[in-house]
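> Hey, can you work out the whole structure from these sequences and the hints?
Respectively, the protein sequence lines represent chains R, Z and P. So the first sequence is numbered by my numbering: it starts at 16 and just counts up by one. So the second sequence is numbered by my numbering: it starts at 246 and just counts up by one. So the third sequence is numbered by my numbering: it starts at 30 and just counts up by one.
Among the clues, some could well be false.
As the list claims (entries may be wrong) - In silico EDC-like cross-links for lysine to aspartate or glutamate, where the CA-CA straight-line distance does not exceed 16 Å:
| hint | chain 1 | residue 1 | chain 2 | residue 2 |
| --- | --- | --- | --- | --- |
| 1 | P | Lys256 | R | Asp227 |
| 2 | Z | Lys310 | P | Glu286 |
| 3 | P | Lys113 | Z | Asp472 |
| 4 | P | Lys256 | R | Asp225 |
Unchecked claim - To be clear about the criterion: a stretch of chain R counts as covered by chain P if any three or more of its residues have a C-beta under 8 Å from a C-beta of chain P, and this derived list gives those stretches:
| hint | stretch |
| --- | --- |
| 5 | 41-50 |
| 6 | 57-69 |
| 7 | 76-83 |
| 8 | 86-92 |
| 9 | 109-123 |
| 10 | 132-143 |
| 11 | 219-228 |
Quick caveat, the hints were computed from the structure, so don't treat them as lab data. Please read these numbers as outputs of a predicted model, since none were measured by experiment. From the three backbone atoms N, C-alpha and C, an ideal C-beta is built for every residue, glycine too.
Each chain, letter by letter, is given below.
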Amino acid sequence: MNAVLQPKPNYIVCDGNEAAAWAVSLAQVDMVAVYPITPQSSLVEYLAKFIADGRLGAEIVDVEGEHSVLSVLQGATLAGARTYTASCGPGLAFMFEPYMRTPGMRLPMVMTIVTRDTLTPQSVWGGHQDAMSVREVGWIQIYCENLQEILDTTIMAYRIAEHHDVMLPVNVCHDGNYLSFATGRVELPDAAEVAAFLGQRDVNWHVALDPDRPMAVDPLTGGAGGPGPALFVRYRKGQCQGMQNSLAVIEEVHADWARRFGRHHAPLVEAYRMDDAELALVTLGSMTGAAKDAVDEARARGQKVGLAKVKTYRPFPAKKLAEILAPVKAVAVVDRSVSFGWNCGPLYQDTLAALQASNIPAMSCIGGLAGADITITHFARVIEACAELAEKRSPVDTLWLNEHD
Amino acid sequence: MNENRVDYLVAGASHAALSALAAIRMHDPAGSLAVLAREGHLPYSPTVLPYVVSGRSAPDRVALKPAEYFARNNIAFLAKHALQSIDACAKRVHFADGGTMAYGKLLLATGATPIIPPIPGLKEVKFHVLRTLDDAMALHAALPRTRAAVVLGAGLIGMHAAENLAKTGAAVTVVEMQPQVLPGYFDSEAAGIIASVFADNGVRLLLGHKVEKLANSAAGCTLTLADGSTLDADLLLVATGVAPVIDYLAGSGVATERGILVDTSMQSSVADIYAAGDVAQAQGFYDGRPLVGGILPDAVEQGRIAGMAMAGDPAAPAYPGSVPLNTYAFFGQQALSVGSQSAGEVVLQESSGREYLKIVMQDGRLTGIFGINRPFDAGIMWQLILRRTDLSAVREQFITEPQKTARQLMSKLWR
Amino acid sequence: MSAYATIAFKPDRCNGCNECMSACAAVKGSAGQIDSRIQIVAANDSFELAMCRQCGDPKCVAVCPAAALAKNEGSGVISWDGGKCVNCLLCTVGCAYGGIVHNAAAGHVVKCDMCDAAVAGAPACVKACDQGALQFITSARIYNEVGDLEDLFVPGLSGCQGCNTELIMRHALRRVGPETVLATPPGCIPGMGAVGYNGLTGTKVPVFHPLLTNTASMLTGIKRHYKRQGREMTAMALAGDGGTSDVGFQSLSGAAERGEEILFICVDNEGYMNTGMQRSSCTPYGAWTSTTPVGERGQGKSQDAKNMPVLMMMHNCAYVATASTGFMEDLYAKLDHAIAASKHGFAYLHIYSPCTTGWRFPSQDNIEVARKAVETNFVMLWEFTPEAGLTLSRPLDQARPLTEYLKAQGKYRHLSAEQIVHIEASLAKNVAFIEKLAGPRKPATAQQAAVRA
Ligand SMILES: Cc1cc2nc3c(=O)[nH]c(=O)nc-3n(C[C@H](O)[C@H](O)[C@H](O)COP(=O)(O)OP(=O)(O)OC[C@H]3O[C@@H](n4cnc5c(N)ncnc54)[C@H](O)[C@@H]3O)c2cc1C
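Structure representation (structure tokens):
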């Protein structure tokens with residue numbers, strides 16, 4: 016039913032939003048629901064076009080808002096469909112009600128967050144604040160660094176989500192403005208091989224709205240004195256367990272992807288020039304490219320700097336990160352969002368928690384808000400501050416990178 | 246159904262039995278159910294028999310239920326199965342023909358049978374009784390040859406029979422020990438009106454007369470009364486009362502007085518054995534003392550309650566007690582008797598010609614109402630008595646216009 | 030067992046004209062009201078009735094020794110056979126309604142035979158009553174039609190006493206059948222246990238709690254996917270008015286605009302009754318709710334209700350209708366139309382559902398309040414299709430005084446004269462609006478005639 020037109024040669028030049036749309040086509044989803052929002056809009060336009068052109072044989076539902084986007088897809092998933100959508104910022108906020116419910120229902124949906132800073136001030140530009148605001152809701156969150164990773168990860172996300180040990184929704188995050196609109200060469204895997212890689216879709220074996228298998232979906236559960244609370248605990252615990260299970264599944268899926276398609280992406284955390292590193296940067300998403308350049312320059316200057324790029328942010332790969340950071344003397348974590356409660360970045364908090372067994376000092380750097388660039392120069396400042404921290408070993412204030420740009 | 250065991254066994258096939266069957270099936274459509282009919286006929290009512298005698302009702306048109314009813318309701322209708330004895334411990338009955346059947350619950354609805362008074366010579370003469378269809382057909386067959394009929398007893402059965410015999414052209418004499426007809430249902434004044442209508446229609450009533458002996462005669466028999474006078478009859482009908490049919494109870498442990506003693510769910514002294522209708526001795530409405538009522542509406546009501554109780558219907562009501570009731574149509578006149586003559590004070594008694602009305606009340610509540618050719622709704626009055634409806638507010642109106650007032654009250658109550 | 034048509038008597042509408050008695054007597058060949066089988070009895074404060082109720086388990090039949098009375102299983106009428114009757118009058122003992130009586134002129138008992146209404150349309154007495162005190166209720170045919178269909182809800186639902194929503198739920202689902210996915214957004218319906226508790230289900234069809242906000246959207250996804258797979262099924266919602274007209278409106282409007290093939294039933298009890306009787310946009314002007322309380326300054330809701338069904342009509346849905354549990358035959362017909370329409374477009378059925386708890390009236394009065402709402406035009410019954418436009422299911426020109434409806438409910442107890450004037454004025458405007466949409470009167474269909482009766 017799904018006729019993916021395979022371009023020849025097997026690469027295209029496209030932006031990040033189109034790369035995601037290609038991945039969705041290759042995953043042969045049954046249904047997409049769309050509602051536009053900057054900087055996601057072109058992504059759903061590509062999808063609409065692919066469907067209109069017959070390249071993707073999916074049902075498209077043009078709904079009246081993001082709340083309905085996710086609601087339509089929840090219904091479809093419960094009926095057995097593989098689904099897709101994308102959103103960001105205020106759209107994500109608006110869909111929060113059904114969004115919050117998706118993981119509890121264990122619906123293996125895939126949604127891209129084309130990350131964007133949140134209001135207010137009014138802003139339509141990149142930043143991770145939207146995705147970070149929903150980091151504790153129970154979706155798996157994976158951040159991409161480049162265009163190829165967007166395409167590959169979006170396909171892999173279906174296999175991760177639909178794995179029977181996981182059965183959880185996945186957000187594939189790519190940075191608004193940077194990855195959404197950046198253009199480059201992307202290799203397209205063979206459609207039949209992708210189909211073989213993903214296998215038979217099986218999304219509602221555990222919970223369904225199907226007249227052939229009547230059941231009550233999500234009856235009231237809880238209330239002191241009855242069997243409810245214990246049942247509730249089992250659901251919650253199972254959901255946490257599914258999250259933890261996904262760590263191994265993500266690694267396994269990435270390994271299989273590498274085997275089949277020859278491209279390896281670090282599944283949880285990528286270690287860059289960490290071998291003899293004394294200082295380490297921790298990054299997330301597209302900023303990593305500039306950060307790696309800064310590391311290279313520092314190395315050239317003789318500074319022993321390395322980098323750890325967190326790809327899988329939820330569940331947090333604490334063990335993996337701690338392992339990578341273990342040898343260093345100080346760590347600087349660069350966030351593109353803030354934690355209002357702690358006056359620092361959220362990835363920084365997670366890193367601290369991962370490092371709690373060691374006594375490596377760490378600092379929080381915040382940059383790239385509202386579409387600001389984090390340049391190599393900014394990262395050079397970060398490395399400088401990190402070196403200082405390694406020496407002084409006393410707590411330092413959060414470093415706001417773009418404050419005086 | 247196991248051939249030899251049923252969940253519900255109903256002995257008798259008349260009003261009490263039929264009403265129990267319906268109640269059981271209403272609650273339990275599946276339980277196995279059998280009904281025993283002593284005779285070979287489909288169920289019929291003893292009440293219709295006087296009209297079979299007169300020819301107004303054809304014997305093949307009196308069945309209360311068609312055979313198809315039993316098939317449709319999955320009820321085994323066992324004709325010519327007379328109950329002989331009960332082994333209450335084994336929960337098994339024995340039939341007169343030797344067969345047996347085990348039961349889960351048993352209803353005894355075997356009704357009543359005529360009492361044959363110990364009058365010298367009675368056993369030697371040919372006489373009729375009227376309780377079964379065969380009795381009625383025998384009487385009907387005897388009519389063409391009947392010139393002079395004598396009826397012993399001026400109760401309901403005797404009076405009905407007397408009227409219908411008279412209508413065939415025979416000379417009819419009714420001999421009654423009591424000084425009035427229909428004692429129990431009507432006082433002497435009302436009975437007098439009824440008696441006068443009979444007299445006007447050529448029926449001779451010998452009230453306060455006792456038959457001393459009987460002997461065969463050429464035409465039939467000769468009766469000698471206590472005052473020495475004699476009566477010749479070519480047809481003699483004995484209608485001096487009925488007694489419950491309980492001969493099969495010997496050894497069963499079921500407690501009896503005149504009839505089978507039952508509680509307000511119609512259960513006898515033995516668990517799972519119930520009784521209803523003329524065979525039962527249930528509590529009276531007014532004083533709660535057990536009595537043998539012997540009227541059709543009671544048989545229906547008791548049968549229904551017994552059936553519900555047997556089937557475990559949670560809506561089964563407690564039997565409220567027997568209220569004497571009678572509707573009596575005779576020679577185109579209507580007499581109604583609802584309730585007790587004595588359970589209260591007479592608040593109205595008036596009569597003129599063939600009209601008569603009497604109302605008895607206690608504490609502002611109706612306890613009895615009796616009329617001849619004065620229309621009121623007997624069913625509504627029965628309800629007012631059973632519900633002990635307070636009539637204080639409408640007392641005067643009720644006494645002047647009982648039918649209209651009672652209709653108003655009931656219409657409001659039903660809403 | 031079958032259900033049967035009946036003659037209903039509304040004592041408060043009877044004016045004692047006795048036309049029914051004359052009509053009955055005439056049909057039975059007599060000039061005297063005394064011979065009528067329906068007897069209106071004037072009491073001091075009301076008019077009462079003595080007439081055969083055609084009982085389900087008739088005692089007159091049970092006590093008849095001659096098998097002269099029988100309940101006809103087809104029509105439900107208890108018939109009297111003069112060829113078998115022996116004139117013993119025992120039947121009059123069996124009747125507690127004065128429904129079978131000895132008639133001197135006839136010389137035997139007489140009783141109502143419903144005039145063979147199947148032929149006559151309605152019994153003569155009903156036809157003669159121009160007060161609406163006698164009504165011929167034929168809705169029993171619904172039971173005969175659907176009584177054998179499987180009830181798809183669990184036997185025990187924990188609604189408030191007297192709630193008619195359970196009626197709507199059971200009837201609707203029974204009619205729709207098992208090939209259904211049912212959405213019941215938070216509110217009274219899942220509150221009654223429709224979705225179940227703690228791992229147990231409340232229905233025999235797949236059922237779920239959508240969010241209060243996204244019922245129509247979730248159903249969209251379900252229906253679209255099954256349709257894509259070529260599977261026939263009904264995507265159905267039973268939603269309250271809050272989940273329909275307030276927070277659920279956006280997704281509803283979106284689905285309606287897209288023409289999603291959904292059967293959306295709004296059970297309108299004019300507020301958030303499940304959460305404790307708060308105001309919704311469907312709450313009418315003046316009504317007490319727990320968030321529009323009555324006090325020194327507050328006098329109930331100070332705005333008129335949103336006209337939800339009209340809004341849906343403006344979406345040009347495949348089908349839109351209003352219905353009431355006071356008029357079940359009409360409701361059933363509309364349910365059928367809505368189900369059929371949901372196979373090719375969006376079907377919206379707005380059922381007015383009086384709430385005994387929240388509207389403050391005795392629990393036994395639910396259907397009565399529902400009827401009064403319609404009979405006073407407070408609720409107008411109509412249906413709409415894009416092809417036929419809006420048609421009235423019941424004429425609007427015979428309305429009973431609105432106060433009859435307002436007085437029946439505690440939530441309007443505090444109304445001032447000015448408030449009543451306001452309600453009457455708004456209602457007049459609404460009625461004029463609907464009448465205008467309906468256009469000039471078309472000849473009544475059989476269904477309309479039934480709703481009128
Ligand atoms: C002539 C006449 C006129 C009457 N008129 C009136 C009247 O106007 N109003 C009124 O209220 N009442 C009247 N009655 C009384 C009324 O008929 C009875 O009260 C009523 O029939 C009682 O019903 P039942 O079911 O209890 O018993 P019955 O009708 O007596 O039926 C008893 C049944 O049990 C069966 N049976 C008996 N023994 C056995 C056995 N051993 N095994 C199996 N089956 C057995 C019989 O065959 C019969 O089927 C009249 C009775 C008669 C005879």
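> Of the hints stated earlier, which fail here?
2, 3, 6 and 10
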